[in-house]
Amino acid sequence: MAEREAHTIDGTSRPLSPHLQIYRPTLTMTMSIAHRLTGAALYFGMLLVAWWLIAVAAGPNAYAGLAWFMGSLLGRLILFGYTWALIHHLLGGIRHLIWDTLHGLEPVERERLAAATLIGSIGLTIAVWGIGYLVMGGSR
Amino acid sequence: MSAPRRIVTPMRSVRGLGAARSGTRDFWRQRVTSVAGIPLTIAFMVIVIALMGRGHAAVAQILGSPLVAVVMLLFIANTAYHMWIGMQEIILDYVHDDRLKLPSLMANTFFVFAVAFASAFAVLKLSFGV
Numbered sequence: 001m002a003e004r005e006a007h008t009i010d011g012t013s014r015p016l017s018p019h020l021q022i023y024r025p026t027l028t029m030t031m032s033i034a035h036r037l038t039g040a041a042l043y044f045g046m047l048l049v050a051w052w053l054i055a056v057a058a059g060p061n062a063y064a065g066l067a068w069f070m071g072s073l074l075g076r077l078i079l080f081g082y083t084w085a086l087i088h089h090l091l092g093g094i095r096h097l098i099w100d101t102l103h104g105l106e107p108v109e110r111e112r113l114a115a116a117t118l119i120g121s122i123g124l125t126i127a128v129w130g131i132g133y134l135v136m137g138g139s140r
Numbered sequence: 001m002s003a004p005r006r007i008v009t010p011m012r013s014v015r016g017l018g019a020a021r022s023g024t025r026d027f028w029r030q031r032v033t034s035v036a037g038i039p040l041t042i043a044f045m046v047i048v049i050a051l052m053g054r055g056h057a058a059v060a061q062i063l064g065s066p067l068v069a070v071v072m073l074l075f076i077a078n079t080a081y082h083m084w085i086g087m088q089e090i091i092l093d094y095v096h097d098d099r100l101k102l103p104s105l106m107a108n109t110f111f112v113f114a115v116a117f118a119s120a121f122a123v124l125k126l127s128f129g130v
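Which chain is which? The protein sequence lines are P and Z, in order.
Position one of the first sequence corresponds to residue 1 (this note's numbering), numbered consecutively onward.
Position one of the second sequence corresponds to residue 1 (this note's numbering), numbered consecutively onward.
There are no misleading hints in this set.
Pairwise CB distance ranges (calculated):
no.: 1; chain 1: Z; residue 1: Asp97; chain 2: P; residue 2: Ala127; range: 38 to 46 Å
no.: 2; chain 1: P; residue 1: Ala127; chain 2: Z; residue 2: Arg31; range: 25 to 33 Å
no.: 3; chain 1: P; residue 1: Leu97; chain 2: Z; residue 2: Phe128; range: 35 to 43 Å
In case anyone wonders, no lab produced these hints; they're calculated from the structure.
All values reported here derive from a predicted model rather than from experimental measurement.
Virtual Cβ for every residue (Gly too), placed ideally from N, Cα, C.
Bound-form chain Z, shown alone:
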């Protein structure tokens, strides 16, 4: 008779991992990005209000200035991660057919990367003034 390969039962090894198959990692990171999102979102709104009604040259110059650009880049990156987890959670809650669920999760990733890279590229272009 051979010794058991593992002491952990199959139930123990999957309990708590949930529909995302990745445990509480996303839960925690959603909290981290939501805490970071409080000051960043307020800063984003202040920036938008400050730029309202200004001409193109002024808006381009202010968005490209180092402090504003860094805050905008942090806002974009933080929001991108937060919305990626959030939409994944929505998909996992309502889409139960793998044939639709897996493409939806992929589309979520593609959308978030596209929007985040486009936004970040625009800010960097304004910063480096090309």
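Isolated chain P, as found in the complex:
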């Protein structure tokens, strides 16, 4: 790989330190990347929240269009992915807050926390959708 450099607006260049490609992949590293990726996805996911709120505020017709899309297979896939990303980022954030207190940083502890983030996010996502379908079935 070519040497990477930072280019500043005054024309000077600074060398950059090597990045992910030189490290052996680990679970904590993968969860760190997942935290950033889910954060970036949720950033654009806020467009969905804005669309939802504006559709409700705009009236029954706009809301019907949104409800139709969210009920479609693609809509449900996006919502399912959004739910997982939100819960994963939430749990990953709690893990980072724990680390900020200098707890859970030992090798075994940090691996367990990383695994708990992943298992917890998948489990909770399925649970949330289960509850969602129960709520929908009950009060449509």
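Starting from the known structure of chain P, arrange chain Z on it as the hints suggest.
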């Protein structure tokens, strides 16, 4: 011979300020908004689940009710600040050319303000029932 203008060396005055040129302020505020985000995100998910499958009139009425609207506004404001810092951090990590970096940082600000104001306006409109 004149006296030195300042005792602080140039290195001391910039050390720790980082690529954002603003020290640890963003680091701290990202923690504040992440702590606030825990209850607010859980509340947001509860609200969304409670509204799933309901008709427009019911959804509009519930979103506009004072408690739900205030929670939604807090969620929007807190999330907006959190995602603004987060995307700025991503940009500063990967975009090293000022010609792209500075417009990216601006675009981040524009996006966050647009999404947050649109969301908040919708909630306020439902609340005040115009």
